[in-house]
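Enquirer: As given, the protein sequences belong to chains C and L, one line each in that order. With this note's numbering applied, the first sequence corresponds to residues 2 to 113, in that order. With this note's numbering applied, the second sequence corresponds to residues 81 to 196, in that order.
Any given hint might turn out to be false.
[Said to hold, decoys possible] No more than 27 Å apart at the CA atoms, straight line, and that leaves these computed lysine-lysine pairs for DSSO-like: (1) K89(L) - K108(C); (2) K137(L) - K27(C); (3) K163(L) - K137(L); (4) K150(L) - K137(L); (5) K89(L) - K163(L); (6) K38(C) - K89(L).
Rather than coming from a laboratory, the hints here were simulated on the basis of the structure.
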Amino acid sequence: QQPVQSPQAVILREGEDAVINCSSSKALYSVHWYRQKHGEAPVFLMILLKGGEQKGHDKISASFNEKKQQSSLYLTASQLSYSGTYFCGTEVPMDSNYQLIWGAGTKLIIKP
Amino acid sequence: DGGITQSPKYLFRKEGQNVTLSCEQNLNHDAMYWYRQDPGQGLRLIYYSQIVNDFQKGDIAEGYSVSREKKESFPLTVTSAQKNPTAFYLCASSIGSGLAGANEQFFGPGTRLTVL
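Go ahead and model the full structure; you've got the sequences and the hints to work with.
Expert: This is the structure:
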């Protein structure tokens with residue numbers, strides 16, 4: 002049930018682009034993206050809802066492909082502040098509501 | 081400032097002891113969650129609560145207990161039945177626990193529990 006993230010880790014130079022993928026074996030209702038710095042709490046980036054929409058803020062955007070049951074996070078012209086571990090979460094039905102199931106994370110290291 | 085607070089930041093426990101981790105939010109959120117995070121891994125749900133006086137088990141509830149007597153408070157007790165409690169514990173809250181974009185989760189700073 003856990004979504005699969007790829008790659009597990011990536012090292013970039015400042016200014017390079019990165020793509021992080023999140024795939025599910027189950028139908029996706031929504032995908033959440035968060036970033037966590039070491040020893041800190043995860044911070045919300047964006048939610049994508051069913052419908053294939055693409056969202057973004059600043060130089061971070063994401064797409065949601067319902068048919069492929071996959072979401073991708075795009076980091077353009079990466080900055081040092083983008084370093085951290087990126088988690089995707091997918092909502093699955095549970096009881097009378099929905100529960101967020103988290104991927105294992107993708108560690109992103111940006112070097113100057 | 082609205083947010084979530086967790087205390088303590090670091091906690092050391094001897095084997096066989098129960099410990100309680102505090103989580104308080106002033107965001108007026110209905111839903112609250114407890115997650116456990118082990119090194120290099122994602123978040124695993126321990127318990128969640130959608131409303132006061134109601135809570136449900138998550139994927140790894142064994143050895144843990146919670147209460148939700150007030151909307152703003154959701155303490156987690158790690159009991160001696162939890163065989164491997166050393167981990168980073170995160171509390172979160174959200175406006176609701178359904179879809180339609182209302183489920184952004186806000187996290188507290190976490191409590192790092194170490195069993196000696």
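Enquirer: Next step is simple, just say for each hint if it's right about the structure.
Expert: Structure-based check of each hint:
1. Restraint check for K89(L) and K108(C): the C-alpha separation of about 24 Å stays at or below 27 Å, so the hint holds.
2. Distance hint between K137(L) and K27(C) is fulfilled; the C-alpha atoms sit about 22 Å from each other, no more than 27 Å.
3. The straight-line distance between the Cα atoms of K163(L) and K137(L) is roughly 18 Å, inside the 27 Å bound, and the hint therefore holds.
4. A hinted pair counts as satisfied when its Cα atoms are at most 27 Å apart, and K150(L) with K137(L) qualifies at roughly 18 Å.
5. For the hint pairing K89(L) with K163(L), the CA-to-CA distance comes to about 21 Å; that is within 27 Å, so the pair holds.
6. Distance restraint check for K38(C) and K89(L): the Cα-Cα separation of roughly 16 Å lies within the 27 Å cut-off, and the hinted pair is therefore satisfied.
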